[in-house]
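Asker: Below, each chain spelled out in residue letters.
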Amino acid sequence: MKNKRSIVTGASRGIGLAVARELAARGSDVALVSRGGCDVQAKAIAEEFHVRAFSFACDVGDSCQVQEVFTAAIKALGGVDVLVNNAGVTRDGLVLRMKDEAFDEVIATDLRSVFLCTRAVAKSMLGARYGRIVNIASVNAIRAQAGQANYAAAKAGVIGLTKSNAMEFAGRGVTVNAVAPGFIDTDMTAVLSDEVRAKYAAQIPLGRLGQPEEVAKMVVFLASDDAKYVTGQIIGVDGGLNA
Amino acid sequence: MTQEEIFKKVTDVIVAKLEVKAEDVKPESEFSNDLGADSLDRVELVMALEDEFEVEILDSDAEKFLKVSDVVAFLEEKKK
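The listed protein sequences derive, respectively, from chains A and B. For the first sequence, the working numbering assigns the number 1 to the initial residue and increments by one for each residue that follows. For the second sequence, the working numbering assigns the number 1 to the initial residue and increments by one for each residue that follows.
Keep in mind that the hints were calculated from the coordinates and are not lab data. By construction, the Cβ of each residue, glycine as well, lies at the ideal position given by its N, Cα and C atoms. It is possible that part of the hints are untrue.
[To be verified] Below, in silico cross-link-like pairs of lysine-lysine (BS3-like), each with a Cα-Cα straight-line distance of 25 Å or less:
#1 B:LYS21 x B:LYS80
#2 B:LYS17 x A:LYS123
#3 A:LYS163 x A:LYS75
#4 B:LYS21 x B:LYS64
#5 B:LYS8 x A:LYS123
#6 B:LYS67 x B:LYS8
#7 A:LYS217 x A:LYS43
#8 B:LYS26 x B:LYS80
#9 A:LYS228 x B:LYS17
#10 A:LYS163 x A:LYS123
#11 B:LYS80 x A:LYS123
#12 B:LYS67 x A:LYS199
#13 B:LYS67 x B:LYS78
#14 B:LYS21 x B:LYS8
#15 A:LYS75 x B:LYS79
#16 B:LYS8 x B:LYS64
#17 B:LYS8 x B:LYS80
#18 A:LYS123 x B:LYS67
#19 A:LYS99 x A:LYS163
#20 B:LYS17 x B:LYS64
#21 B:LYS79 x B:LYS8
#22 B:LYS67 x B:LYS21
#23 A:LYS99 x B:LYS64
#24 A:LYS123 x A:LYS43
[Unchecked claim] Some residues of chain A that are not near chain B, with every Cβ distance over 12 Å (derived):
#25 SER63
#26 LEU96
#27 SER193
#28 GLY240
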């Protein structure tokens, strides 16, 4: 990934941070985007991997902010080769009790953001006739979980966007793929009780939750030139959960 | 801006975006048939024209661009 320029959303922690670190470890410059900014993480990456790393604060569900921040990020990097749409939140609850806001917030942050950020890099990537877009979906878009109507809908939407965008950009050397993580050991799953986590782990053929770094390896593969003939695909990194 | 000036500038944008030769760009050239533009090329072309001429081109207007002369006439009207 030498001389590549990557933008990662939701890069302050969890899978996003692991992806940003893995890209940097392979030599890519990175722009880390997160709601509150990630100056500390960007500084650490720059020092550890000797790449340029930038931090941007952005609500990726907000069109104006995305437009502004991505223009600045592409300018700082001097172009963009890789976009990883990772930002996501959960607001779990049963439909019977789910508030409009809980549905809308998840759709905005997890789905609308993918559209907005992709559009923000499209001109640059299509013009350059090169690009790698990797979206983070979820096993829960494929294999349902009660209490996640909003999240499942958003992530299923990400899969649809991935395929549609892959078709649109294929003629220009821009690939679009998605990774569907299973239960990964991040802050998002840390809120679950030990009992629930144990129950999940028991369902996973490989017998344990995944680590963010294990997802990052697949993301970086799809972002690399080794994956140049792969587009429109949804790749599970889930310990066999969806087998 | 005169019609010729607009045509010349439009030709420059078309040459850059569609990778065709300037001499192949004529007022009667059709984007799809003569210049080999697919739907994505057409969108990129319209965006490049918007930047170059500092105008906004609505999708409903862009849909009517069949030939190079359609674009020139549209821009001539816009830049009056």
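Asker: All hints are to be evaluated individually against the structure, with a verdict given for each.
Answerer: Hints versus structure:
At roughly 29 Å between alpha-carbon atoms, LYS21 (chain B) and LYS80 (chain B) are farther apart than 25 Å, so this suggested pair is violated. For the suggested pair LYS17 (chain B) and LYS123 (chain A), the alpha carbons sit about 12 Å apart, so the restraint of at most 25 Å is met. For the suggested pair LYS163 (chain A) and LYS75 (chain A), the alpha carbons sit about 28 Å apart, so the restraint of at most 25 Å is broken. For a cut-off of 25 Å, the pair hint linking LYS21 (chain B) to LYS64 (chain B) stands: about 24 Å separates their Cα positions.
Distance restraint check for LYS8 (chain B) and LYS123 (chain A): the Cα-Cα separation of roughly 24 Å lies within the 25 Å cut-off, and the hinted pair is therefore satisfied. With a CA separation close to 15 Å, the supplied pair LYS67 (chain B) and LYS8 (chain B) stays within the 25 Å bound. As the CA atoms of LYS217 (chain A) and LYS43 (chain A) are separated by approximately 22 Å, the hinted pair is consistent with the 25 Å bound. The suggested pairing of LYS26 (chain B) with LYS80 (chain B) holds, with an alpha-carbon distance near 23 Å, which does not exceed 25 Å.
This hinted pair checks out: LYS228 (chain A) and LYS17 (chain B) have alpha carbons roughly 24 Å apart, not beyond 25 Å. Only pairs whose Cα atoms come within 25 Å are accepted, and LYS163 (chain A) paired with LYS123 (chain A) is accepted, the gap being roughly 18 Å. Our distance criterion of 25 Å between C-alpha atoms is broken by LYS80 (chain B) and LYS123 (chain A), whose separation comes to about 29 Å. Under the criterion of a C-alpha separation no larger than 25 Å, the hint pairing LYS67 (chain B) with LYS199 (chain A) is inconsistent with the structure, at around 64 Å.
The suggested pairing of LYS67 (chain B) with LYS78 (chain B) holds, with an alpha-carbon distance near 17 Å, which does not exceed 25 Å. In summary, the hint linking LYS21 (chain B) to LYS8 (chain B) is supported, as the alpha carbons are separated by about 13 Å, within the 25 Å threshold. Under the criterion of a C-alpha separation no larger than 25 Å, the hint pairing LYS75 (chain A) with LYS79 (chain B) is inconsistent with the structure, at around 30 Å. The straight-line distance between the Cα atoms of LYS8 (chain B) and LYS64 (chain B) is roughly 20 Å, inside the 25 Å bound, and the hint therefore holds.
With a CA separation close to 17 Å, the supplied pair LYS8 (chain B) and LYS80 (chain B) stays within the 25 Å bound. A C-alpha spacing of about 24 Å is found between LYS123 (chain A) and LYS67 (chain B), which places the hinted pair at or below 25 Å, so the restraint holds. For the suggested pair LYS99 (chain A) and LYS163 (chain A), the alpha carbons sit about 30 Å apart, so the restraint of at most 25 Å is broken. Taken as a hint, the LYS17 (chain B) and LYS64 (chain B) pair is honoured in the structure, with Cα atoms around 19 Å apart against an allowance of 25 Å.
At most 25 Å may separate the alpha-carbon atoms for a hinted pair to count; LYS79 (chain B) and LYS8 (chain B) meet this at roughly 15 Å. Of the supplied pair hints, the one linking LYS67 (chain B) and LYS21 (chain B) holds, its CA atoms being roughly 16 Å apart against a limit of 25 Å. A distance of roughly 44 Å separates the Cα atoms of LYS99 (chain A) and LYS64 (chain B); the hinted pair therefore is violated under the 25 Å criterion. Of the pairs offered as hints, the one joining LYS123 (chain A) and LYS43 (chain A) is violated, with about 29 Å between alpha carbons and a cut-off of 25 Å exceeded.
Consistency note on SER63 (chain A): stated as away from chain B, and its beta-carbon is indeed over 12 Å from all of that chain's, at 17 Å minimum. Every Cβ of chain B is farther than 12 Å from the Cβ of LEU96 (chain A); the closest lies at roughly 41 Å, confirming the non-interface assignment. Every CB of chain B is more than 12 Å from the CB of SER193 (chain A) (nearest about 49 Å), matching its label as outside the interface. Distance check on GLY240 (chain A): its Cβ is at least 38 Å (rounded) from any Cβ of chain B, clearing the 12 Å threshold; non-interface status holds.
Going through the hint list in order, the structure does not satisfy hints 1, 3, 11, 12, 15, 19, 23, 24.
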